[in-house]
Amino acid sequence: MTGFIAIRRTFGRIVSTLGGAVGTVIIVVVVGAAILAPLIVTHDPDALDILNRFSGPSAAHWLGTDHLGRDLYSRLVFGAQVAMLVALIAISSALVLGTLLGILAATLSTRWERVILIVFDIISSFPSLVLALAVVAVFGPSTALVTAIVAVTLVPHFGRVARAQMLTLRNAPFMEAERLLGTSATRIVLSHVLPNIAGPLVVLASIDIPVVITIEAGLSFIGLGVRPPLASWGTLIYDGYAYLSDSNIPVIVASAALAVATLGFTLFGEALRDAVDPRLDRGGH
Amino acid sequence: MTADSSAIPPVIALEDVSVVFGGKVRALDGVSLHLHRGEIVGLVGESGSGKSTLCRTLMGLGEPTSGTVTVGGEPLGARLARDRLGFRREVQMLLQDAVASLSPRMRVRKLVEEPLHVHRLPLEDGRARIEVLLKRLGLPANAMEKFPHQLSGGQARRVAILRALVLRSQVIVADEPTAGLDVSVQGELLNLMLDLHAEFTLTYLIVSHNLNVIRRITTRSVVMYLGQVVEEASTAALFRTPAHPYTAALLSTNPVVDPAKRRKRIVLHGEIPSPINLPSGCRFHTRCPRAAARCAQEVPQLRSVGEGQSVRCHFPLTDDMVAA
Amino acid sequence: MAAHPDAMVAIRNLRLDARTEQGPAHILRGIDLDFARGRIIGVVGESGSGKSTLVSCLLQLLPNNLDRIEGEILFEGTDLLKLPPAEMNDWRGRKIAMIFQDPMTALNPLFTVGTHLRDILRRRFPQLSRQEIRERSLAMLNKVGISDAPTRLDAYPHQLSGGMRQRIVIAMALLVEPDLLLADEPTTALDATVEAQIVELLDRLRQDFSGSIVFISHHLGLVAELCDDLCVMYGGAIVETGPVAEVLARPRHPYTRALLDCEIEDGQEGRLATIPGEVPSATWTMDACIFASRCVHAAEVCRQGPPALLPAGEGRKAACKRSFEVLP
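Protein chains in written order, with my numbering: chain B, 6 to 290; chain X, 228 to 551; chain F, 715 to 1042.
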C-alpha cells in the first residue's frame, strides 16, 4: 500500500526508456502467453499428426508442424509456460533462501557468517552445468530437478547482495531506534529490513530471469531437463535440430522465441536497475 | 528539585560503571550518575569522552564491564530479563540524527503507531492519544502521511518524541536534541521539551556539546573527559564558577555575540588523547594549563568543593580565580 | 548600486534558479555584495538561505540541476560567470581557495599530506624546485600549528585527527596564496576545544593575509568573534550587511533582530525566543518582502513589492521598508 506510488513511479521510469518499453511489451506477451496458454493455443501441443510432418505455416498450423506433426505454435506457447514456471519457482525460492541466509550472515556471529559465506563460495565455484550433470546422473532428468538445481545455484547471488545490504543497514540509526523501542528481531527484519533491502534484490531477480530461461533451455536441449513430450523451448530446439535437414522452421522459431524472451527480460531488468538507482533519484522532496 | 529526593531511590543510577572494549579501550571509567524523577540533567563532553557509551549502557544496549546500573532500585539486567518491554516503555532515547532514526520507508502514521503494536497496547486508545499528541507537539495534520525524508529536522524530532510519549515514557535520554537545527527552530523545540517535562513530569538526560542549550534547560550538569566525570554541579554553579580547568576552558571557548559577555578564551593545546593509550595520573594533565608534577603521577578523585559540586582535580579553580 | 571603491569582488544582482519537481526554485534572488581586501566577511543564514550556493557560484561549481544563472561576479573587474571553464579552473588554483566543512572532502585518502601540499605548490608555482617545495610545505605546516611537521608530511589523512585534517586543509588553501579564501562552516564538524584552536588559528592567520576571507556560518557568536563584516541571508536574499559589531549591536532588519533574540546567551530566563513560521518556498516568486510572512512588524507596505537593499547608516545596508520605524 505504502509502496504503491513508488512502484508506479518506478514503472513510469522504466517504460519511459526505449529498452524498458520494448522489454515490458515482450514480457507482457511472453507472460500473457504462459498464463493464457490453454486458451490461446490452436491445437493440443502433444497431439500427433504424422501425415502432416514438417508442414510449413498455414491457416491450420500458424507456424507449421514438427517432425511428429505437432503444432509448433501451440508447443511454443506451452514452452513459454514451462520457461516462466521454472523461472518463477527457481528465482523465488532462491530469493527467499538467499535473503534469509544473507541477513543471517550479516547479523550472526563471525563464525556463522564465515560458514554461510563458504557455502556460497562452494555453490558459486560449481558450474551449474556440472552440478546438473551430476544430479541428473543420480536422479534422472526431470523439470522439478532442473528448477531445484537452478534455484540452488542462484542462492549465493541473492545471499551476497542481501548480506551487503544488511551490513550497511545494521548500524543505521533507525535500526538502533527500533531496538530502543523494544521491537523484536523478527519484527525488525520483517517491517524494517526487508522493505529497505527489497529494491536491489528485486532488480537482481529480474536480471536473473533470462539467465534461468537459458539454463532451463540449455539443460533441456542436452536432454537433462524437461522430458519429452512436455514442450520446452530447449526440447523444441533439440527436436528441430535433429531434423534440421527436413525443415529449419522449428529451430528458427524456437530459437527466436528464446532470444526475444531473453532480450525482453534483460532490457526490463536493466531498465528496472536504472530506475531504482538512488543516484538518479534527484530533486529533493 | 534534588534537595529532598535523597530518600527516594533515583529513577536511574549508575554506580562506578566502567566499560572496557576489547580489553584495552577504556570507554568509561568509574562513572556514577544519578537521575532523580523530574530532573533535567545535562551531560557535556567532546568526542571520546564516553558520553555515547554511557547512554548505551544506561539504555541496556551494552553491559558494563564493572559497576552497576539500577532502574528504580532494581539492577538493569534483572529488569530487562523480567520486563524488557516495560523498561523500554519507561525509558526512551532520542537519537542525534532524528530523520535517520525513523525507518525510511514508513509513513509517519505507521511510525507513531508502531510502539502500540510492539508493546501490544490497545489500538483504539493509542490512536486517540496519538491524535492528541500530534496537536500538542505542533505537528501539521498532513505530517501523518509523510515519509521521514519529507520531514524537516524539527518535525522529525517531534515524531521521535511522539513515539516516546505514546508509550508514556518517564525518562527521556536526548542525544544532541538541537544538532543541525536552525536557531529559529531550536528554541521552539526546547520550549516544547520544557513544557512536556512539566506536563508529564518527565526526567531528562540531555547530552549536548552546545553549552548554551545545557545552560538554559538543565538543572544539573555533568562534564566528562576521556571516560571520566571530571565535574558535576548544579548548572548555575557550573557556569558561574567552574572548578575544573577543563570545564573552564570549555565555557571560555563558547562563542558569544555580545562582546561584554565574552570570557577570556582559554585555548587548550593538543588534542584529546586516545582512550587506548590513556595519560598517567590526571587524564587531563597533558592539555591542562594548570598542570603540576603531581598531576602526571597521582590520579585525582572526584571530591566535593561546595554544595552539590564535585570535581576531579588536584588544583580546582576557586571562585575568585574564575572571576579574574 | 555603485561599487565599493576598494571592493575586490563585487557581486551584482546574482540570480540562480534550479529545476525541482515543484518547478523552478529561486535559490539566489538577486544578490548584491562586495568583498574588500583585508577583511573577513561572515555570511550567516539558516537552511535555505542560499549561503552555500553563493559559495558555489564564487567557485563556479554549480549544482547539476541548475536552470538559470544571471548577474555578475566581478573579481577585480573580471566576470567569473563569463570565464571559460579552463580559465576558471586556473583561477580556482591561483586566486580562489576553499576550506570545506568536512576536511575529508578535500583530502584524497590515498595520498599523503606531503603529496597534497606538493601538488598544490607545483600547480601554483611551477618554477619551484623539489627542495623549495619541501621547505614551503614544512613552513606552512608549522604556521598552521602542526608540530612535528617532517613526519606529518608522510602521514595519510586517516592517520590524523579531525582537527589536524582541518589544519592541513587550511594549509593547502593558504599555500595557494589566494586573493579570496572561502570557508564554509570550517569548524562545525569539530569538537569544542578543537574548534577553539581553529578559530584562534584563523584569527592569527588573518593578520598576514592580504586578501579577503568569506566565512560561512550558521553561528552568530562565532561570526561576531571572528569577522569584520556581516552579511545576513534569508530565503536566497540578503536582508542586511554591515560591520559586524554595529549590525549585531543595532540590527536594521527585523530578521537579524529575531536571529539575535534566538541566540541563547548568559543570564536569560523564561521561554526561549523563536521565529514562528517557515522560510517561504524557493519556488515562490518574490513579490513582497521575503521575511514578511514571519515578521512581527510586517505591515501592508511590506506585502507590496520586495524592499531594496538600501543604505542604513555608515557602511550598512538593510532590505526593510520599515527599518527605522520599527527598529529605532
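One or more of the hints may lead you astray.
Said to hold, decoys possible - Calculated Cβ distances over 12 Å to all of chain X for the following chain F residues:
no., residue
1, N778
2, T819
3, Q845
4, G859
5, D868
6, A906
7, E909
8, A910
9, Q911
10, D917
11, Q921
12, V937
13, E977
14, R985
Stated by the list, open to error - Just some of the chain X residues that point at chain B, by a computed CB distance under 7 Å:
no., residue
15, L312
16, G313
17, R315
18, L329
19, R332
Hints in this document: simulated from the structure, not taken from any laboratory.
By construction, the Cβ of each residue, glycine as well, lies at the ideal position given by its N, Cα and C atoms.
Each hint, compared with the structure:
1. Listed as a non-interface residue, N778 (chain F) keeps its Cβ farther than 12 Å from every Cβ of chain X; the least gap is roughly 19 Å.
2. The beta carbon of T819 (chain F) sits about 18 Å from the closest Cβ of chain X, which is more than 12 Å, so the claim that it is off the interface holds.
3. Every beta carbon of chain X lies more than 12 Å from that of Q845 (chain F), the smallest distance being close to 31 Å; the non-interface claim holds.
4. Listed as outside the interface, G859 (chain F) is inconsistent with that label: its C-beta sits roughly 9 Å from the nearest C-beta of chain X, within the 12 Å cut-off.
5. At roughly 19 Å from the closest C-beta of chain X, the C-beta of D868 (chain F) stays outside 12 Å, upholding its exclusion from the interface.
6. The non-interface label for A906 (chain F) is inconsistent with chain X: the shortest C-beta to C-beta separation is roughly 6 Å, within 12 Å.
7. A beta-carbon of chain X comes within 12 Å of the beta-carbon of E909 (chain F); the shortest separation is about 7 Å.
8. With a least CB separation of 4 Å from chain X, A910 (chain F) falls inside the 12 Å interface cut-off, contrary to its annotation.
9. Listed as outside the interface, Q911 (chain F) is inconsistent with that label: its C-beta sits roughly 6 Å from the nearest C-beta of chain X, within the 12 Å cut-off.
10. Distance check for D917 (chain F) against chain X: the nearest CB is about 9 Å away, which does not clear 12 Å, and the non-interface claim fails.
11. Every CB of chain X lies more than 12 Å from the CB of Q921 (chain F), the least distance being 16 Å, so the non-interface label holds.
12. Its closest Cβ contact with chain X, about 8 Å, brings V937 (chain F) to no more than 12 Å, contrary to its assignment away from the interface.
13. The Cβ of E977 (chain F) sits about 5 Å from the closest Cβ of chain X, inside the 12 Å cut-off, so the non-interface label is violated.
14. Not every Cβ of chain X is farther than 12 Å from the Cβ of R985 (chain F); the closest lies at roughly 5 Å, contradicting the non-interface assignment.
15. For L312 (chain X), the interface hint holds, the least distance from its beta-carbon to any beta-carbon of chain B being 5 Å, beneath 7 Å.
16. Given the 7 Å rule on beta carbons, the hint for G313 (chain X) is violated: about 9 Å separates it from the nearest Cβ of chain B.
17. With a least beta-carbon distance of about 3 Å to chain B, the hint placing R315 (chain X) at the interface is held under the 7 Å criterion.
18. At about 6 Å, the closest approach between the beta carbon of L329 (chain X) and any beta carbon in chain B falls short of 7 Å, and the interface hint on this residue holds.
19. Interface hint at R332 (chain X): satisfied, since its Cβ lies 4 Å from the closest Cβ of chain B, which is below the 7 Å cut-off.
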